[in-house]
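Protein chains: 2
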Amino acid sequence: MFDSKNPQRTPISELGEFGLIDRLVKNAKSKLPNTAFAMGDDAGLIDQGEYFTAITTDLLVEGVHFDLSYMPLKHLGYKSVIVNLSDVYAMNGTAEHITVGIAVSNRFPVEAIEEVYEGIHLACEHYNVDLIGGDTTASSSGLMISITATGRVRKENATMRSGAKDNDLIVVSGDVGGAYMGLQILEREKQVFIENPDMQPELGGHEYILERQLKPEARKDIIDLLHKLEVQPTSMIDVSDGLSSEILHLSKASSHQFNIYENKIPIDPSIYALCEEFNLNTTTVGLNGGEDYELLFTIGIEDHDKIKANPNLSVIGYVKEGSGANLITRDDKVVELKAQGFKHHEG
Amino acid sequence: MFDSKNPQRTPISELGEFGLIDRLVKNAKSKLPNTAFAMGDDAGLIDQGEYFTAITTDLLVEGVHFDLSYMPLKHLGYKSVIVNLSDVYAMNGTAEHITVGIAVSNRFPVEAIEEVYEGIHLACEHYNVDLIGGDTTASSSGLMISITATGRVRKENATMRSGAKDNDLIVVSGDVGGAYMGLQILEREKQVFIENPDMQPELGGHEYILERQLKPEARKDIIDLLHKLEVQPTSMIDVSDGLSSEILHLSKASSHQFNIYENKIPIDPSIYALCEEFNLNTTTVGLNGGEDYELLFTIGIEDHDKIKANPNLSVIGYVKEGSGANLITRDDKVVELKAQGFKHHEG
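Protein chains in written order, with this note's numbering: chain A, 2 to 348; chain B, 2 to 348.
Some hints could be false.
Copies of one chain are not kept apart here, so a pair can be met inside one copy or by any two copies together.
[Stated by the list, open to error] Below are the DSS-like pairs computed for lysine-lysine, each with C-alpha atoms no more than 25 angstroms apart in a straight line:
id, residue 1, residue 2
1, K32, K221
2, K191, K265
3, K30, K334
4, K321, K191
5, K221, K156
6, K309, K166
Hints in this document: simulated from the structure, not taken from any laboratory.
All figures in this text were calculated on a predicted structure; none of them were measured in a lab.
With the rest of the complex left out, here is chain A (with noise of 0.2 angstroms):
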């Protein structure tokens, strides 16, 4: 009835998510006193006078996040909580408060939504978070949940994507690619499925990945441990899209050189052999594998000594003067990180 006035049609795909979002918020003018950061990092910050409110909101949407012929219900629910509080961490906050919306088609009855719900109140019982509003609707088709999270920052502690300076360190918690990998074995059985619903699915001997792509955890625990050994990071974000987008991100938000070396990457020894079976490289999978939710983050060289001990944190590389990424390899080429554009796991 009404024809929009605006005769271009520009493909999502020609700009990617982050040129798409550059784009949207271009026009975004901050008028409040008390918006100390908007758009642009892991989350938002409202100034309350003593400390920062973090706020972030991230979407699930069934068939492009996830696939419910593997996802249990109760491991969605939990995951879309975990999503949402990594990002309050990635800011070096500790996250309080949850609104969850929920859209859902009736293919769905009340206890599937219940189910969901079990595993939201589940990750906030397990991350000390409440659960303090939301909205639930009818959807045309599938199931979308869109949480939106908020904590607690303290001022001296905000870590912004844009802190990094000459000569810090690169570090990573946890590792990297197994959410990825988890995801191969899951779509690789559901294909078995689709051919032969008699086969049972063989999961076996994988518990390790397929946790880490079904019931994903946020690193809590890192933020903790960099607050007790008193190393305040320069830059942070969370490994959502896979370690060279992050590192891109930190890059260009710190205008600064990111160089990491291809053997410092962490990657749990159980994914070697799977590359091989799936023909990946492993290097490939650690660098672009995304939803590991670790935090990646950059530190002083003079805060070394403190975290250069612990097994949950690996130093990956370090920071310099100049633009871009570069990955050094095991036999020393310098090869440029690229960005991977707008990703998501196909259901």
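Since chain A is already given, all that's left is putting chain B on it; use the hints.
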């Protein structure tokens, strides 16, 4: 692949939206000392020491809450902000920040999402609110907008649904039923258009109700006015699901009986003729038509003088001990008001 352990399948329609929410949140236990109010009001409240932060999330789903054949994208962006700000005002607070989550299928070009954001930015400007975060993602079908609004509420002003008391007056701002009648006009013209795409829609003369549906406003002005008049409402809610439904919410939360007069329900004069044309009962439209985003509140009888001359406010009834809600008809019959259940505009 993984069968649910729960064999029960209760259709959502059996519980209705509010019954479903009650069931989902019955296991939510607040653990944090700064959780001042969780679930069951227009917004949750976080204690920040000197004041509360109100936080609320609302979803708008294509085919459920809006129909893009007559909802311009810019208006949609505007409205999606308004419906959330309205919830913050309903706590007697000042909305300050929003985050925006958009899930969009690849049938939408970048320019379409930009139009949605134009409306979002416009609402932010109009209501002096800052956009401080968000998420943009693919969807497998259709458009979904999830907005979270936060705001500041002075502790002494915070107004819950639960504070109405004996002899309070029931007040509603503006008028009701307009947004619903606007929807009727749009649906009628859509049918005409489907049957004959060469016909131009006949929308002339219906500007007021079309604007009520397509570009509603949140009643920030009423909150400012009440503050200026030094009127502290005893309970408050925004009118999103229809006057009747909201009155029952206040009655239930306040554990008092609400009584309203049919001839006091504020209805725009243009709606009378239109109701006749559509063969609708004006009172039914005023009671059950949703999406007006007016404020419904109660005040102590001692405040009556302060508000009685204001053309933006109508006293429609009174509170007394008891339960439930009644309509006192033009011919002095007392009719019990009923909830409407899970009501959505079908696209």
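Hint check results:
1. K32 with K221: between (32 angstroms within a copy, 17 angstroms between copies)
2. K191 with K265: neither (33 angstroms within a copy, 61 angstroms between copies)
3. K30 with K334: neither (43 angstroms within a copy, 55 angstroms between copies)
4. K321 with K191: neither (45 angstroms within a copy, 61 angstroms between copies)
5. K221 with K156: Cα proximity of K221 and K156: one copy only (18 angstroms, versus 31 angstroms across).
6. K309 with K166: Within one copy, since 19 angstroms is at most 25 angstroms while 63 angstroms is not.
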